[in-house]
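J.: Please build the complete structure, drawing on both the sequences and the hints.
Note that this note's numbering has the sequence shown beginning at 1, numbered continuously upward.
Careful: at least some of the hints might be erroneous.
What the hints assert, rightly or not - Quick list of simulated restraints, FRET-style, between CB atoms:
no.: 1; residue 1: Asn93; residue 2: Ser67; range: 38 to 44 Å
no.: 2; residue 1: Asn55; residue 2: Ile32; range: 18 to 24 Å
no.: 3; residue 1: Lys45; residue 2: Asp69; range: 34 to 40 Å
no.: 4; residue 1: Gly22; residue 2: Ser70; range: 15 to 21 Å
no.: 5; residue 1: Ser46; residue 2: Leu107; range: 21 to 27 Å
no.: 6; residue 1: Asp47; residue 2: Pro17; range: 32 to 38 Å
no.: 7; residue 1: Tyr53; residue 2: Thr25; range: 17 to 23 Å
Said to hold, decoys possible - Taking lysine-lysine pairs in the PhoX-like style, the calculated list, with each CA pair at most 25 Å apart, reads:
no.: 8; residue 1: Lys44; residue 2: Lys20
no.: 9; residue 1: Lys90; residue 2: Lys14
no.: 10; residue 1: Lys58; residue 2: Lys20
Treat the hints as calculated values from the structure; they're not laboratory data. Just so you know, even glycine gets a beta-carbon here, dropped at the ideal spot from N, CA and C.
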Amino acid sequence: MVYWTDLDITCPVKDCPDSKSGLWTHRYCGGIMEISSELYIRCKKSDCNNSYYWNNWKFSCQEHPLSYDSPDAATLFAAVGVAQALARSKGDNNASQAFKKAAIRLLELHM
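T.: In structure tokens:
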């Protein structure tokens, strides 16, 4: 089973100085973004629902507003770790284990 959680992270671009965590929105429609236990990121807005593997997205924040750059696996690792902890705190062991496996996959990619 695939589990989804809101993408609530700092800017995932390598070496970006923005340290404020927040919900990410889709540039084209304004929908809230989510990340899955399979490492897909999608827009939650029902009439959009764009979904791609994590490394196919580009990110921009207030520190680099005109530059859309690829995410860094280490930064997304932290987001997946938070998702795993939230699932565990809610008592959802299946979701917790799924996000833990996703975090391990990201860690392996980063090595």
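J.: Check the structure against each numbered hint from earlier and tell me which ones fail, lowest number first.
T.: 3, 5 and 9
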